[in-house]
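Novice: Sequences are here, hints too, so could you generate the full structure?
There are 2 protein chains.
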Amino acid sequence: MTFKVGLLGLGTVGSGTAKILLDPAGRHPLVKELEIAKIGVRSLDKPRDIDLPATCFTTDLEAIVTDPDIDIIVEVIGGLEPARTLMLKAIENGKHVVTANKAAVALYSDELFTAAEKAGVYVLLEAAVGGGIPVIEPLKQSLCSNKINRITGIINGTTNYILTRMKNEGGDFGDILADAQALGYAEADPTADVDGLDAADKIAILAALAYGGRVDRAQVHSEGIRTVAAADIAYADSLGFVIKLLAVAQRCESQPGETEKLEMRVHPTLVPNDHPLASVNDVNNAIFVEGNPVGKVMFFGPGAGSGPTASAVVADVLNIAALLQVEKGSNQTGTRSLDPLLACSHQHECQVAPISETVTRFYVRLIANDQPGVIGFVGTCFGNHGVSLESIVQTHRKDGSAEIAVVTHDVQEGKFRQAMDELIASKEQINDVAAVIRVL
Amino acid sequence: MTFKVGLLGLGTVGSGTAKILLDPAGRHPLVKELEIAKIGVRSLDKPRDIDLPATCFTTDLEAIVTDPDIDIIVEVIGGLEPARTLMLKAIENGKHVVTANKAAVALYSDELFTAAEKAGVYVLLEAAVGGGIPVIEPLKQSLCSNKINRITGIINGTTNYILTRMKNEGGDFGDILADAQALGYAEADPTADVDGLDAADKIAILAALAYGGRVDRAQVHSEGIRTVAAADIAYADSLGFVIKLLAVAQRCESQPGETEKLEMRVHPTLVPNDHPLASVNDVNNAIFVEGNPVGKVMFFGPGAGSGPTASAVVADVLNIAALLQVEKGSNQTGTRSLDPLLACSHQHECQVAPISETVTRFYVRLIANDQPGVIGFVGTCFGNHGVSLESIVQTHRKDGSAEIAVVTHDVQEGKFRQAMDELIASKEQINDVAAVIRVL
Numbered sequence: 001m002t003f004k005v006g007l008l009g010l011g012t013v014g015s016g017t018a019k020i021l022l023d024p025a026g027r028h029p030l031v032k033e034l035e036i037a038k039i040g041v042r043s044l045d046k047p048r049d050i051d052l053p054a055t056c057f058t059t060d061l062e063a064i065v066t067d068p069d070i071d072i073i074v075e076v077i078g079g080l081e082p083a084r085t086l087m088l089k090a091i092e093n094g095k096h097v098v099t100a101n102k103a104a105v106a107l108y109s110d111e112l113f114t115a116a117e118k119a120g121v122y123v124l125l126e127a128a129v130g131g132g133i134p135v136i137e138p139l140k141q142s143l144c145s146n147k148i149n150r151i152t153g154i155i156n157g158t159t160n161y162i163l164t165r166m167k168n169e170g171g172d173f174g175d176i177l178a179d180a181q182a183l184g185y186a187e188a189d190p191t192a193d194v195d196g197l198d199a200a201d202k203i204a205i206l207a208a209l210a211y212g213g214r215v216d217r218a219q220v221h222s223e224g225i226r227t228v229a230a231a232d233i234a235y236a237d238s239l240g241f242v243i244k245l246l247a248v249a250q251r252c253e254s255q256p257g258e259t260e261k262l263e264m265r266v267h268p269t270l271v272p273n274d275h276p277l278a279s280v281n282d283v284n285n286a287i288f289v290e291g292n293p294v295g296k297v298m299f300f301g302p303g304a305g306s307g308p309t310a311s312a313v314v315a316d317v318l319n320i321a322a323l324l325q326v327e328k329g330s331n332q333t334g335t336r337s338l339d340p341l342l343a344c345s346h347q348h349e350c351q352v353a354p355i356s357e358t359v360t361r362f363y364v365r366l367i368a369n370d371q372p373g374v375i376g377f378v379g380t381c382f383g384n385h386g387v388s389l390e391s392i393v394q395t396h397r398k399d400g401s402a403e404i405a406v407v408t409h410d411v412q413e414g415k416f417r418q419a420m421d422e423l424i425a426s427k428e429q430i431n432d433v434a435a436v437i438r439v440l
Numbered sequence: 001m002t003f004k005v006g007l008l009g010l011g012t013v014g015s016g017t018a019k020i021l022l023d024p025a026g027r028h029p030l031v032k033e034l035e036i037a038k039i040g041v042r043s044l045d046k047p048r049d050i051d052l053p054a055t056c057f058t059t060d061l062e063a064i065v066t067d068p069d070i071d072i073i074v075e076v077i078g079g080l081e082p083a084r085t086l087m088l089k090a091i092e093n094g095k096h097v098v099t100a101n102k103a104a105v106a107l108y109s110d111e112l113f114t115a116a117e118k119a120g121v122y123v124l125l126e127a128a129v130g131g132g133i134p135v136i137e138p139l140k141q142s143l144c145s146n147k148i149n150r151i152t153g154i155i156n157g158t159t160n161y162i163l164t165r166m167k168n169e170g171g172d173f174g175d176i177l178a179d180a181q182a183l184g185y186a187e188a189d190p191t192a193d194v195d196g197l198d199a200a201d202k203i204a205i206l207a208a209l210a211y212g213g214r215v216d217r218a219q220v221h222s223e224g225i226r227t228v229a230a231a232d233i234a235y236a237d238s239l240g241f242v243i244k245l246l247a248v249a250q251r252c253e254s255q256p257g258e259t260e261k262l263e264m265r266v267h268p269t270l271v272p273n274d275h276p277l278a279s280v281n282d283v284n285n286a287i288f289v290e291g292n293p294v295g296k297v298m299f300f301g302p303g304a305g306s307g308p309t310a311s312a313v314v315a316d317v318l319n320i321a322a323l324l325q326v327e328k329g330s331n332q333t334g335t336r337s338l339d340p341l342l343a344c345s346h347q348h349e350c351q352v353a354p355i356s357e358t359v360t361r362f363y364v365r366l367i368a369n370d371q372p373g374v375i376g377f378v379g380t381c382f383g384n385h386g387v388s389l390e391s392i393v394q395t396h397r398k399d400g401s402a403e404i405a406v407v408t409h410d411v412q413e414g415k416f417r418q419a420m421d422e423l424i425a426s427k428e429q430i431n432d433v434a435a436v437i438r439v440l
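The listed protein sequences derive, respectively, from chains A and B.
According to the working numbering, the first sequence holds residues 1 to 440 in order.
According to the working numbering, the second sequence holds residues 1 to 440 in order.
No wet-lab data here; the hints were simulated from the structure.
For clarity, every value in this text was computed on a predicted model and none was experimentally measured.
Incorrect hints may have been included.
Any copy, or any two copies together, can satisfy a pair, since identical chains are not distinguished.
What the hints assert, rightly or not - Quick list of in silico lysine to any residue cross-link-like pairs, SDA-like style, CA-CA up to 20 Å:
hint, residue 1, residue 2
1, K261, A231
2, K296, I367
3, K19, N292
4, K147, A343
5, K296, G120
6, K415, E33
7, K296, L277
8, K167, L22
9, K328, S345
10, K296, S337
11, K147, G184
12, K427, L30
13, K4, A103
14, K32, A343
15, K19, G295
16, K89, E413
17, K398, I424
18, K415, S391
19, K296, D282
20, K328, D339
21, K118, E327
22, K261, A25
23, K167, D274
24, K118, N331
25, K296, S306
26, K32, D339
27, K296, A278
Specialist: Next comes the structure, spelled out in structure tokens:
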């Protein structure tokens, strides 16, 4: 039984996908049943190292998504449009869709999954989060018996690469970003990565799967790593932490009768050295999931790249082909009924708590006038707002000022910010708030 | 649509399973569709904290596996018999089977999967390896596009707990084993765990899934941790390694035309500190998978316990229920066609290479007479058999003898053993081979 695949895009991920499909030896026997029917590209003139007849290639992507012979569309062109329109048209035409497009899925999940449910087709997206790391299907299928309480992920390879090098080399963000761009680990416009927007797309997707409700991407609080200084990485190290850009989706504690809310946030974080996420370095990603009754599990691996991402894309294609084979083999006569674990059929929207309500620890680095009583003043300001301190260290700087590093206990962000406002208001004591970073 | 579950056994995993099924809030909506129809127990008199009517309980396990009302049998009684017979009878009666029984699956996979294929039912076993860690389904479904080259796992919690404590406390195996037994981390008869037999069962299962062929459990080479000495853990530490009990299933390099073979082995291993497996401590498990094109991915989490194992058991039940819902919803008329990614239909047997053909690095600790030329003699013996050395360190002991720690480069085990035989033969130079441990 052969299944026909239409491939939209032949860039990094598209080429990787085609290579797997054209080289089935040593893989699951079902790979042999997949046939690339059409590949949509921008230009027919570009030389390609893909061994397929010229008739397979076309610049008419719409003709692929409406082609009655094609069973499964693989969307790897990326970006919002025309990806969204093409996926919707494919769905309308009864085709299953596999996509690696986290931005489009995070923004248009509502539209895409509603259309998919109506048309009785699957939209699978393993490659959209964590590249080659199996995490979407495990969340849908292997952890489906759990009540998920928290997902904490390192899900952007570029920022993890930069932070790893900053730690190892003691360098500054700007220099290492420039070097990462030269080496191809960061884009010419690094905004989506370094400002946490890409991680926010991905955590919105993971949260929707884990908590069974849609998540409004606009409500994900995101802070990037531009302000992380070499000094803070060194301080963190001396305190037993590494700094990582974490994406967090967490069930808030709620009273009976209260609407359940989620904390949804992306920000640099001090991670204790003995936490499994602390040793995830370079471009690797990892997703740490806490659930009841499973406890703590982690998925680790390469978060990007042609091969890893294509591995996930083809896995999705195979999962759909397997279900189509079951259908055809068992002589179905009714309308297609979708696998409730693989289809995303939830309709409600998850409530997201405002960032002021989230609870976490904070690390703060202050530059103060080196005068008697400054430590007492800092302690009093925090105490006035119910912020309890875990540690406070003062060091003297060459310029005569004092540097004070504080780590708080868990505190509601709103209260913490009030304490910080009071600190800052006192110009004669505190010269500068050099850093405010959350602590896991 | 309700699906009826027959539960065989109400011990640690069985109780955990029942608790999830009776508390669906916050989990996937499909959990609500699962009903515990019968629970098979050894005695009806034992008090239970499971909220089900007394009519649910029976000591007649055979009546459960033949009950026409039951869709899915969960086998969590463990051991070889009557587990094997009950599973086979359930399959014959057209029931799907979910099991956590690694020993029975490793030994009887041939019989079980042949029967399941014939009867058109699933036998799922996520809980058999790695407790709550999703690894079986990810291997079957999320990594199915890959050619797997190597699986390296810490898949026995008891031995990992003992080795972690030996490292942290500098204690000896015997003392810590006794303490682990008192604390319930090791069984009264610890043989299956500490001699590597449990890990061998599990790696045989993982290899069958990863390489698409059956693996003869008897051909898995296994060595346990009884001989690991505190001195070796200290040496390993000074060389930048930790000692872990690893289970390895690796594709051997083969020439074109040669039959492909697997290395299948369980043994204590020096793991470099910067390897992701090195920081997997206590009762945690982790499975490190290398494939093409995915690269290196790792699955980490709790390898045992009531909650984690039950999480995996119920996930399997839900996966079967999801497929049954598709069947019923789409009005199937033909015989059931099984999902080719979830069913284990491979018929061929993987060839396993004899341990003498496997290639790895070795760490050796020798006690020698402290006399001129002994280091030269050791180097010559290894050199005579083509064993190249990575490092060699000699220290003097209080009793006047010398301790020599050697780390080799990659070498075929057969050649290494020949060199060791030559070393040992020379009684006037080498008093004792204190340790031989493989190096990752």
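Novice: Go through the numbered hints given earlier and state which of them the structure violates, listing their numbers in rising order.
Specialist: Numbers 1, 2, 5, 6, 8, 10, 11, 12, 13, 16, 17, in rising order.
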